[in-house]
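Asks: Could you build the full structure based on these sequences and the hints that come with them?
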Amino acid sequence: MGSYILLGSPGAGKGLLGQHMKEQYEMEYFSSGDILRSEVANETEIGIEIKTTMAEGGQVNDELITQIVLKKLEALILSSKKFIIDGFPQTLIQLESLQQFLALYPAFPVAFVCVEVDRETAFKRMTGRISCLNCQKVYHRQNDPPLYDDQCDSCDGALVARESDQNEKAAKRLDLFENSTKKIMELIKGRSDTLCIDANGTIRDSREKFLKVHNAIQHHKK
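Numbers 986 to 1207, taken from the numbering used here, label the letters of the sequence shown in order.
By construction, these hints were calculated from the structure, which means they are not laboratory data.
We treat Cβ as the ideally placed atom computed from N, Cα and C, and that holds for glycine.
Fair warning: there could be bad hints in the mix.
Derived DEER-like restraints, expressed as beta-carbon distance ranges [unchecked claim]:
hint : residue 1 : residue 2 : range
1    : Gln1085   : Lys1174   : 16 to 22 Å
2    : Glu1048   : Asp1135   : 36 to 42 Å
3    : Leu1118   : Asp1178   : 34 to 40 Å
4    : Tyr1133   : Ser1064   : 32 to 38 Å
5    : Lys1066   : Asp1103   : 30 to 36 Å
6    : Gln1136   : Leu1172   : 40 to 46 Å
7    : Glu1171   : Gln1085   : 18 to 24 Å
Replies: Written out as structure tokens, the structure reads:
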């Protein structure tokens, strides 16, 4: 098994699928959003620069997010650690930079996973989800609630709703997706390094669909 890049709209379930893959396959998992939120929380120079943009549900500029993510990827690849990326690339410029970077490491296979969901389902998931301030684990108040209200099952950290998941900002983020990342997904569909799954069902459905497609591809390669 190689490494994976999860692409999909906000609310598609990429985070939950990524967490499951991390636990099942003992891979490194990170999302571009988690990295940026950490920068904001730690009030780094980058965090101060992007704080307003993220709070309003906007996109951080290509050069900045690409620099942060590729630095993380390089460290993982040089350590021979397989990984799962959630939320990058989001634009065609980011995709081009990522492909140029991965071309430097041909012995390190990476596949794209397009996690597809309709807009209405994504919106409902976004406005109902909460995440741990400490470990960033994601829950949903209706679909995947924690055992105890507002407390993380994994680390007992506090659970909060993201400011960017409020109704108006959630809608704005979905608009941005349709004008950016969705175009990437349409561009790479059909490529030999791309898997596509319908994520309109439960997270368990998404896991099973991913495993079915992945196992079929692995069997074909033998």
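Asks: Take the hints in turn and mark each one as holding or not.
Replies: Each hint tested on the structure:
For the hinted restraint 16 to 22 Å between Gln1085 and Lys1174, the CB-CB distance of approximately 21 Å keeps it satisfied. Between Glu1048 and Asp1135 the CB atoms are about 37 Å apart, so this pair conforms to the stated range of 36 to 42 Å. Restraint check, Leu1118 to Asp1178: a C-beta distance of roughly 35 Å satisfies the suggested window 34 to 40 Å. In this structure the hint that Tyr1133 and Ser1064 lie 32 to 38 Å apart at CB holds, the actual value being about 36 Å.
Separation of Lys1066 from Asp1103 is about 34 Å and conforms to the stated range, judged on CB atoms against 30 to 36 Å. About 41 Å separates the C-beta atoms of Gln1136 and Leu1172, a value consistent with the hinted range of 40 to 46 Å. Restraint check, Glu1171 to Gln1085: a C-beta distance of roughly 21 Å satisfies the suggested window 18 to 24 Å.
Violation of the numbered hints given earlier is absent; every hint is satisfied by the structure.
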